[in-house]
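A.B. asks: Between the sequences and the hints, there should be enough to build the whole structure, so can you do that?
Read off the chains here:
4 protein chains.
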Amino acid sequence: MRIRYGMVGGGEGAFIGAVHRMAARLDDAYELVCGAFSSSAEKSQRSGAALGVPPQRCYDDYASMMAREAVLPAAERMQCVVITTPNRMHLPIALAALARGFHVLSDKPATATLEECRTLAAKLRSSGLHYGLTHPYTGYPMVREARARIAGGELGKVRKVLVEYTQGWLATPLELQGNKQAAWRVDPAQAGASCCMGDIGVHAFNLAEFVAGVAVRELCAELSSVVPGRRLDDDGTVLLRFGNGATGVLIASQICIGDENNLRLRIYGDKASIDWQQMEPNSLWFKPLEGPAQLLRTGVSGTGAEAAAATRVPAGHPEGYIEAFGNIYREFAQLLTRDKAEAADGAVPGISAALRGMAFVETAVGSSAAGTQWRELPHLG
Amino acid sequence: MRIRYGMVGGGEGAFIGAVHRMAARLDDAYELVCGAFSSSAEKSQRSGAALGVPPQRCYDDYASMMAREAVLPAAERMQCVVITTPNRMHLPIALAALARGFHVLSDKPATATLEECRTLAAKLRSSGLHYGLTHPYTGYPMVREARARIAGGELGKVRKVLVEYTQGWLATPLELQGNKQAAWRVDPAQAGASCCMGDIGVHAFNLAEFVAGVAVRELCAELSSVVPGRRLDDDGTVLLRFGNGATGVLIASQICIGDENNLRLRIYGDKASIDWQQMEPNSLWFKPLEGPAQLLRTGVSGTGAEAAAATRVPAGHPEGYIEAFGNIYREFAQLLTRDKAEAADGAVPGISAALRGMAFVETAVGSSAAGTQWRELPHLG
Amino acid sequence: MRIRYGMVGGGEGAFIGAVHRMAARLDDAYELVCGAFSSSAEKSQRSGAALGVPPQRCYDDYASMMAREAVLPAAERMQCVVITTPNRMHLPIALAALARGFHVLSDKPATATLEECRTLAAKLRSSGLHYGLTHPYTGYPMVREARARIAGGELGKVRKVLVEYTQGWLATPLELQGNKQAAWRVDPAQAGASCCMGDIGVHAFNLAEFVAGVAVRELCAELSSVVPGRRLDDDGTVLLRFGNGATGVLIASQICIGDENNLRLRIYGDKASIDWQQMEPNSLWFKPLEGPAQLLRTGVSGTGAEAAAATRVPAGHPEGYIEAFGNIYREFAQLLTRDKAEAADGAVPGISAALRGMAFVETAVGSSAAGTQWRELPHLG
Amino acid sequence: MRIRYGMVGGGEGAFIGAVHRMAARLDDAYELVCGAFSSSAEKSQRSGAALGVPPQRCYDDYASMMAREAVLPAAERMQCVVITTPNRMHLPIALAALARGFHVLSDKPATATLEECRTLAAKLRSSGLHYGLTHPYTGYPMVREARARIAGGELGKVRKVLVEYTQGWLATPLELQGNKQAAWRVDPAQAGASCCMGDIGVHAFNLAEFVAGVAVRELCAELSSVVPGRRLDDDGTVLLRFGNGATGVLIASQICIGDENNLRLRIYGDKASIDWQQMEPNSLWFKPLEGPAQLLRTGVSGTGAEAAAATRVPAGHPEGYIEAFGNIYREFAQLLTRDKAEAADGAVPGISAALRGMAFVETAVGSSAAGTQWRELPHLG
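Chains as they are written, first to last, in our numbering: chain A, 1 to 381; chain B, 1 to 381; chain C, 1 to 381; chain D, 1 to 381.
Calculated from the structure, these hints are not laboratory results.
Be aware that a few hints might be false.
If several chains are the same, the list does not tell them apart, and a pair holds so long as it fits within one copy or across any two.
[Said to hold, decoys possible] As a list, the in silico DSBU-like pairs of lysine-lysine whose alpha-carbon atoms are at most 35 Å apart:
#	residue 1	residue 2
1	K157	K180
2	K157	K43
3	K271	K123
4	K123	K43
5	K123	K157
6	K271	K180
C.D. replies: Here it is in structure tokens:
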């Protein structure tokens with residue numbers, strides 16, 4: 001039985017909505033049954049039609065969608081809402097979904113502020129429903145391999161974490177040239193307190209904690225608005241101190257001309273290190289204290305069960321971003337089809353990852369504003 | 001409207017069947033409605049059930065499938081057969097499909113012999129139906145870019161083509177250890193006259209002609225059975241002479257320990273050269289006579305319309321094998337939904353590619369058997 | 001006429017002394033005529049004998065060397081002293097050399113403290129002699145290319161500088177296991193106030209300013225002693241602010257298991273970026289705002305005069321560390337053979353680079369000790 | 001005591017002569033005492049002066065050099081002749097040197113024909129002198145590592161050898177545009193029977209046998225003259241059959257636009273494989289049948305004694321072409337300073353390698369001329 005889902009956002013011209021749908025299709029575990037695909041009712045209809053959604057289930061807005069789906073017969077109505085809108089809309093949509101009994105799978109960042117995320121967490125707790133956050137980079141087989149090796153002690157004590165996520169697409173003032181993707185990201189009213197950290201820094205942060213298996217305790221940030229006139233950060237560096245005594249550096253930037261989507265994670269322990277790059281995701285360097293470096297590869301002998309479970313094709317057939325994204329979708333579907341609700345914070349990033357991500361963004365913004373001061377991440381219990 | 005397809009082969013434990021299905025799902029342009037998934041009726045049922053195919057449309061064999069689907073109402077019955085069986089079955093299944101009016105999308109090689117392929121071509125011609133051959137490597141954006149650049153004259157006259165496809169998975173006698181994938185490939189009764197050339201050499205040959213835009217006129221081959229006891233080739237080199245005077249080398253091997261799926265194509269003109277590797281498919285080197293080498297990348301400015309049409313996500317989000325395969329599926333669907341039948345030999349490899357591929361395999365086998373003699377490829381008019 | 005030089009340090013078992021000598025030989029512009037190769041007189045004799053230095057010119061200590069060489073006939077005595085000892089000895093040796101009228105070519109860091117370096121600068125100024133500092137990474141052809149392109153405006157305004165230098169060789173307490181190279185570096189009495197920043201951070205800092213053509217104005221550092229019991233830093237990150245408004249990050253670490261000598265420099269302007277890695281030194285990425293990335297290569301068309309002047313062999317024949325080092329030696333020889341003394345701060349790093357390097361180390365140590373505070377680099381006029 | 005050598009060729013504007021001299025200087029084991037640097041007496045004088053050679057030892061031609069050096073006092077006269085002229089001169093110079101009692105270190109190919117090489121071998125045998133052939137690629141540490149591992153059985157039985165050496169510098173008719181390097185290489189009167197195979201194919205052949213430890217028994221070649229009007233080959237492919245039953249492919253080309261000096265060697269055994277590329281010479285892939293690929297690196301733990309002996313600087317400091325060349329020089333010096341004459345065919349390629357190289361070139365030319373026929377390599381006893 002496929003999970004019936006509705007989508008908010010992701011209409012014509014949207015990039016990430018199409019990715020969500022391809023990811024959902026890959027294992028045939030989902031069925032798109034409705035949507036409020038755009039803030040324009042007409043565009044929502046047109047987008048839905050192109051996707052084969054019946055006209056009566058292409059809604060004018062998310063509120064109508066929640067209300068009208070809720071009264072459909074149980075076997076017909078959607079079970080899960082996928083949120084792919086600008087950040088500011090994430091909370092109201094998620095709350096409306098939870099209020100009507102729909103599970104939520106949301107693009108990142110979880111909300112526009114940490115406070116909003118706490119509200120979401122409280123509602124979620126009382127709802128008994130599932131919440132997933134699409135940090136797709138955690139779905140790559142070699143990311144799973146790295147995580148498993150560190151959890152298994154192969155790196156020894158984690159000492160140093162270097163994570164970087166650099167892009168060049170905001171190196172010019174695209175927001176003034178009609179680029180909608182850029183426009184909302186640099187607008188505090190739509191994006192929240194941060195552009196760069198909220199858009200990609202939070203991915204880097206999530207990935208670092210996901211793989212390293214240790215939590216950031218405090219940080220110290222310098223954020224910049226490099227392109228003249230921009231109100232939010234488009235570049236920044238964050239020094240990290242982890243709970244176990246390790247240190248780290250997180251570099252995120254959107255003004256790095258020539259960098260496509262350079263997400264790279266290096267973790268050094270006292271026994272070995274790992275090095276992974278998103279743009280060649282099927283390779284993972286494992287470097288022991290003694291002996292030659294080893295190149296672990298998706299599907300090749302020498303990798304473990306976690307990687308294998310996230311692998312779709314034999315070695316040498318590159319798996320990409322959509323497959324990684326699809327793994328998050330598949331695992332979220334597995335969560336939903338289990339008998340009882342449980343936290344989505346195993347492989348699929350859930351509300352804990354959401355809270356930590358928002359805490360990261362806000363603390364980084366605060367640290368930078370205070371002149372690169374060390375700040376503890378707030379308690380998220 | 002999605003295209004309704006049935007699948008022959010691709011049941012439990014099959015690798016390539018699952019890839020076909022993921023490729024078919026990616027753009028939501030297909031619907032799997034029936035299948036004869038295994039030579040075992042029981043396994044076919046079980047495989048179909050796992051895929052959500054109704055029991056009554058999980059057939060015991062391909063003949064029943066053709067017969068019974070043909071009598072279903074037009075709006076319900078399958079429109080297209082996907083063939084993912086060992087080579088020897090390709091022809092009878094394809095002929096049965098054509099006889100009942102179903103389009104055919106077949107895994108490669110097209111048939112077990114060139115003679116069979118000529119038979120297929122003749123039947124196809126009179127049928128008015130479509131035939132596609134899944135050479136998925138032609139679906140990568142950067143392969144399209146290379147092809148477009150050569151067609152546009154950016155390399156000048158093509159002078160030299162180096163294509164290699166090396167793997168290591170048959171470096172040991174897996175066929176004696178219960179590996180079914182290996183067993184049928186090294187068995188002349190199931191695979192035809194060649195293992196290595198029929199399995200991967202034919203991909204390399206197809207890719208070389210697809211991109212270079214010039215046709216091989218004659219060849220000279222040395223094939224080997226490296227693993228003791230093997231009856232078919234598991235390794236070989238083929239010298240190529242193209243119609244335009246260019247020369248080339250095709251190296252294919254399945255005993256190259258440590259190589260995963262190393263398909264690489266280099267083409268040298270008198271103005272520039274290109275270099276592409278399947279295992280890093282989103283990169284394409286373009287090297288002009290003067291000035292620095294350029295690294296063309298999927299989704300990055302500097303690539304053209306052909307690549308863009310085959311691209312799904314923004315730059316830096318790796319596209320992989322399934323996406324390339326999906327592009328073939330999408331383009332085959334576009335062929336099928338056009339008003340009138342036309343040859344599938346544009347972007348989707350069709351019967352011409354099928355004939356040339358089989359001619360390549362047979363000529364290479366013959367040349368090698370004759371002591372590495374130069375042989376012209378037969379006329380395929 | 002070859003320049004006659006004497007060496008202090010660099011005896012048996014020393015690594016960097018041998019590199020200096022190979023660099024000096026490469027262009028036949030130097031002749032080793034004397035030395036105080038070790039703090040042990042016997043070892044100095046033995047080392048000199050192995051190098052073909054006459055016994056009477058293998059001195060027991062640097063003071064004797066200066067005194068006795070000074071009284072040799074002008075055509076015979078050394079003209080230049082090469083210093084390859086632990087840091088603490090750099091100043092006294094350099095001063096002794098200058099006092100006797102010998103030019104100085106010193107390994108880095110220039111001295112143990114900034115104060116010492118100021119003393120050196122003052123003496124040098126009044127001496128009319130030449131001083132060179134071996135930051136060999138500035139000698140690579142592609143580093144020269146990057147510098148020339150930035151100076152020529154090809155990157156536009158420099159916005160961001162990322163420089164990292166990570167190694168793994170001090171990941172374990174080698175200093176407790178008889179490794180002399182490690183022992184003096186982690187000993188404040190021999191190395192000065194810093195291990196990691198003084199040993200490799202200073203190279204990264206020098207390279208960044210050398211190539212970017214903009215000066216660091218203030219910095220903010222966190223240094224760590226990762227290996228238990230170590231008194232000096234073996235790891236650190238330094239946030240940088242440049243005079244032109246650009247920001248940067250400098251990461252240096254000696255506990256990064258599996259990293260060999262990973263010095264990498266990325267500079268982003270508002271028109272283009274560059275990316276260079278010491279371990280593949282003959283490649284330089286140049287990435288313009290529009291169009292594909294270009295791979296500039298030593299000796300290949302597309303590179304300019306500065307790179308060509310530092311290139312020894314045709315394209316495709318890798319030039320390495322010794323050649324880069326040799327370029328510094330060659331250029332220092334060119335300085336010495338010119339008619340009148342002039343500052344060595346063109347291509348060869350000289351006293352200005354020395355002062356800036358020591359200012360960097362001390363300011364970083366101070367900033368870290370003060371809790372990661374922003375500190376201006378002292379005025380070095 | 002340094003070895004006194006004289007050089008024939010290598011004057012102003014020559015590329016390889018300068019490389020020989022840098023290689024000779026690196027370990028201070030040689031001293032250039034005389035030369036006949038050019039076929040023009042005036043240019044020979046000028047070249048020698050620039051190199052610090054006394055005018056009376058800058059000879060007008062090689063014959064004078066041999067005659068006049070031979071009558072100098074033993075402690076003064078040259079001991080060894082280095083030959084860096086076009087191929088056709090190699091034999092007469094070498095014979096003249098041997099006749100006067102001088103050792104010979106010659107650039108490749110050894111002679112212009114196999115017959116000449118046999119003559120040389122016969123004279124050498126009776127002379128008791130040493131002969132070395134500069135195949136510098138055999139001097140790289142990672143080439144030594146590969147060779148040692150294969151000799152030690154780590155690859156098991158060698159099954160397949162792929163070696164390629166592609167360049168682009170002769171892709172246009174440079175010989176008609178005043179390029180002297182090109183002019184003599186494409187002229188049968190100066191180069192012999194082959195351009196591409198004699199210039200670079202022979203390096204590839206030598207490297208393959210040096211590392212694989214098995215000898216080619218027969219070959220089958222197709223050579224081409226791609227650039228119109230050229231009389232000698234500028235491109236070719238050679239199929240190889242080794243004595244132990246392995247097969248191989250050797251691709252050499254000088255018309256591969258964009259390729260710098262792409263010498264790559266892959267060897268596949270039944271237990272593991274290796275992969276080495278000259279343009280990143282400090283890396284060697286070792287890929288076992290099971291488990292991840294290992295990246296062996298110059299100076300890093302995991303490599304053996306043979307590599308270590310050829311390594312000059314610590315890990316991560318790239319060693320390049322000049323260092324590899326210098327290793328050949330150093331080892332030849334070691335041969336010369338031993339008590340008794342012995343064959344130079346250990347690490348330094350000697351007369352056996354010379355004979356095999358010439359046999360390779362001639363057999364390839366013959367095979368191609370005969371229509372790509374299999375030919376045995378002649379008996380070289």
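A.B. asks: Now, for every hint given, state plainly whether the structure supports it.
C.D. replies: Right, here's what the structure says about each hint:
Only between protomers do K157 and K180 lie at most 35 Å apart by alpha-carbon distance; the minimum there is 27 Å, versus 44 Å within a single protomer. With identical chains, the CA atoms of K157 and K43 are never at most 35 Å apart, being 53 Å at best within one copy and 42 Å at best between copies. For the homomeric pair K271 and K123, neither the shortest alpha-carbon distance inside one copy (43 Å) nor that between copies (48 Å) is at most 35 Å. Taking the closest pair of Cα atoms, K123 and K43 come within 35 Å of each other only inside a single copy of the chain (31 Å); across copies the shortest separation is 46 Å, beyond that limit.
For a Cα distance limit of 35 Å, the shortest separation of K123 from K157 qualifies neither inside one copy, at 37 Å, nor across copies, at 49 Å. Taking the closest pair of Cα atoms, K271 and K180 come within 35 Å of each other only across two copies (23 Å); inside a single copy the shortest separation is 47 Å, beyond that limit.
This entry does not satisfy hints 2, 3 and 5, going by the numbered hints stated previously.
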